[in-house]
Amino acid sequence: MARPAKKKAATGKTPPLGNKERPPEPKRYKAKKEELLDFYKQMLLIRRFEERAGQLYGLGLIGGFCHLYIGQEAVAVGLQSAMEVGKDSVITGYRDHGHMLAYGIDPKVIMAELTGREAGISRGKGGSMHMFSVEHGFYGGHGIVGAQVSLGTGLAFKHQYSGDGGVNLAYFGDGAANQGQVYESFNMAELWNLPIIYAIENNHYAMGTSVERSASEPDFYKRGESFQIPGIQVDGMDVLAVRGAAEVALEWTRSGEGPIILELKTYRYRGHSMSDPAKYRTREEVDSYKKERDPIDRIKADLEKAGVSEEDLKAIDKEIKDIMVEAAKFAEETPEPEAAELYTDVLVETY
Amino acid sequence: MASELKMPALSPTMEEGTLAKWLVKEGDAIAAGDILAEIETDKATMEFEAVDEGVLLKILVPEGTDNVAVGSAIAVIGEEGEDTGGLSAAASAAPSEVEDVPGEGKDVGREESEAAITKIDMPKVAHVDANLPEGTTMKSTSVREALRDAMAEEMRADERVFVMGEEVAQYQGAYKVTQGLLDEFGDKRVIDTPITEYGFAGVGSGAAMGGLRPVIEFMTFNFAMQAIDHIINSAAKTNYMSGGQMRCPIVFRGPNGAASRVAAQHSQNYGPWYASVPGLVVISPYTAADAKGLLKAAIRSEDPVVFLENELLYGQSFDVPDVDDYVVPIGKARIAREGSDVTIVSYSIGVGVALEAAETLAGEGIDAEVIDLRTLRPLDTATVLASLAKTNRMVVVEEGWPVCSISSEIMAVAMEQGFDDLDAPVMRVTNADVPLPYAANLEKLALIKPAQVVEAAKAVSYR
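If you're matching them up, the sequences are chains A and B in order. Just so you know, the first sequence maps onto residues 1 to 351 in our numbering. Just so you know, the second sequence maps onto residues 1001 to 1463 in our numbering.
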C-alpha cells in the first residue's frame, strides 16, 4: 500500500548541537602594527616562494608533483601565528610548503627538498609532498589524501596522553573532507575529547572536481554536527579573520572542550598541481579572487590604516625577494644525495 | 524421551571448557531459552541456554569441573519421573563419540574443522635458547598469556606504551590476549576504540610519530586491510621520507592466518604482504617463548612492527624461560629441530606441521632440520643458507597461498645464494591457491598437512 509522502520539516537553519555549549563567534583579530607587518611578511614570503618554485619546476629543477599554495596564504599565516611552536603540533597534506614557511622553517631547506638535494629537509628523499620538522612540531607533509586527519588525531591523543598542554592543528581540503577516515577521526576525537583543530581549507576544487559536484553538504563547517563537534566558517582570504577564528579555536581546545572544526573559505590561484591546466574553472572566476579578494592586497589596506608607508612595504618586498633569490640559488647549487643514501633510513635499527 | 545435554562449542576453536556454574538443579522444569549453566572457554564466560523444554533429570558433570571436552554429556533432560538409568552410565568428563551423519553436522550445531592444523595437539617442543643462563627454569605458558605478559611487562617499564583496539579493555580482548591489562593500567593506557580500523591505525601512527609507543590490536589482520594505508604509507615510509628525522615506533598486532571454519574473509595469511614492504619489521612467532620475547623486542623497537599472531596457537602452551626480562632478538631464525638430511623452513603455525612431519620422517630414516623463521622481515637468510649447506635439500612450509609468498622468497634466496649447495630443487608445501572454503572437508583439503611435508621431504631426498 502506498503511503503518503511525509512532509519534509522546514529547516534552513543549522540545527543546534544538542545541549552542548558552542564556541563564541570569532571576531576579526585586532593586530598591532608589528603583527600586521609580520603577517604581511609571512604571506609575501609564501607567495614569492611558491612563484619561485613554479619557475624552478618549469626549468626542470623540481620534479614530480608540486602543489602551490598561492592564494591561500592567509589561512596558514592566520592559524599558525596563533600556535605555539614547540608546544603545539601541525600536520597537513601534500600542499605543504606554505604551512612550513608559516611555522618559520628555513625556506632554503624546503626549496632544497623540492630540488631533491642532500641539504633538503628530508635529505632529498621526500620531495614536495613529504616534508617534516619534528623540531618545530611540524609532522608533515602527507601524500595520501585524508591520512593526515587520522594522524593528526593521533598527535592530539599524544598531547592529551602526555599532558603537555599542546593542541594539534590538522589541515585538510574540501576534497579530503569526503574521505571516510575523516569521520572515523571525528568520532574518536569527540569521544575522547582530544585537543585538535580540524582546519578544512575549502578552495572549492578537489583537483578538478568542484565542491558542488562532490559534496552533498557543501558547508564543511557543518560536517562535525553528527559527532557533536562545533564548526565555524571563516573568510580564509582575510588573515585577521582567520587569526580571530584561531583564537577562538585554541581557547576552545586548550580549555578541554575537545575538537573544533574551522572551515576556511579560500581559493588557489594556480592549478591543483603544476601539471593541471585548470580548465574546470573560468578565468573570470580566478581573476575575481585575485583582484577583489587577494589576502596580501587586503592586509596592505590594513597596514596603510596603521600608518605603514609604501616605502616600508617596498623595503619588505626587497627583503623577501633577497631571501628567495638566496633560497633558490642554494637549492640549485647544493649537491644531490650521495648514492649511499639510497639505503639509509629504511629502518632506524639494525637487526 | 530422555536425552543428553552436551558440552557446547562456544567458539570456532573451542575444544574444551570449564563448567563454571549450574544455574538449575536436578528436578527443575526447564523451558527453551532458560539459562542452564555458565561455561568458561579459553576466551570468555558464556551462558548456556536450553534448546528444548523438559525436566533436568540428572547433572552428570558437577560445577567447577575443568577441561570438559566439547560434545561430552553434561546433564540429562527428559520428562518428569523418567528413568535415566541407561544414560547416566555415560556420566564422565570424557568426550562421547559424536555420530557424524554426512551432511547433517554434529550436534554441537555445526561441524568441526577436519583440518589437522586446527587441532590443538601439535607437537610440544622445548624452547632452545643458547643465551639463557644455565639452570634457567621453564614455565608452561600459553601463547595468549605470553603475549599478555609481554605487553604488561613493557607497559610497566615504559609509560609511553599503551594498547588500543576493539574490545581490548572492558571486554578483556576478543581473544583474551589483553586480559587483565585494563585492571592494572587503567583506561588511559588500555583503550577501547569504536569499530574503526582505518581511523585507529592512523591515530596510533600519529601518536607514535609524536613520541608514544602504541600497541595497536587488530581483532584479526583481515580487518587491518581497512587500515593498510596507514601501516604502509604512514608508518613504514615515514622514517625514509623524512630523511631519518621522524620515526614511527608502533606495533600492529593481532591474529593472522586461517582460524577454524570461519571461511575466506576471516582466513588469510598477510605475512607475504607486509614482508614485501621496506620500512616494516614483520614478526610471526610459533612458540609462546618467542611470542613473549619478540613482542617485547617489537615494543622496544624504534621501527614500525607488524606482529602476526595465530588464533589457533593462542591456547597452546610452551615452555617459557622464567626470567625477569625475556627478550628475543628480531631478525634471527631459530633451529626448532636439528637434523642433517633435509631442511624444512617454516614460520608461525606451519612450524608445528613441519615438526610433526619431521617426527614421521625420523621414523623412516630421514633426519630433518626444522627452521622457524620467527621474523619475516628482515629475513634471516644466513641461518637458512647455513642449514641448506649442511643438508643440501630444502622444503618450505607455509600456511598461506603459494603465489608471491614467503616460500617463493626463500626459494629465490636458495637459488641466488645457495645454488651450489642444492642437490634437488627446493619444494614448497602451501595452502591451496583458493579462498579458504567453509565446508569442513574442503577446508581440510585447502590447508597444509604434515603428510604433504613428508612427501615433499622424501621427494627432495629422492626417496
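In case anyone wonders, no lab produced these hints; they're calculated from the structure. Please read all numbers here as calculations on a predicted model, not as lab measurements. Mixed in with the good hints, there may be bad ones.
Subject to a maximum C-alpha distance of 27 angstroms in a straight line, what follows is the list of computed BS3-like cross-link-like pairs (lysine-lysine) [said to hold, decoys possible]:
1) B/Lys1188 <-> A/Lys87
2) A/Lys291 <-> A/Lys27
3) A/Lys222 <-> A/Lys27
4) A/Lys41 <-> A/Lys300
5) A/Lys108 <-> A/Lys314
6) B/Lys1444 <-> A/Lys20
Tested hints:
| no. | hint | verdict |
| --- | --- | --- |
| 1 | B/Lys1188 <-> A/Lys87 | holds (21 angstroms) |
| 2 | A/Lys291 <-> A/Lys27 | holds (25 angstroms) |
| 3 | A/Lys222 <-> A/Lys27 | holds (19 angstroms) |
| 4 | A/Lys41 <-> A/Lys300 | holds (11 angstroms) |
| 5 | A/Lys108 <-> A/Lys314 | holds (22 angstroms) |
| 6 | B/Lys1444 <-> A/Lys20 | violated (56 angstroms) |
When each numbered hint is compared with the structure, a violation occurs for hint 6 only.
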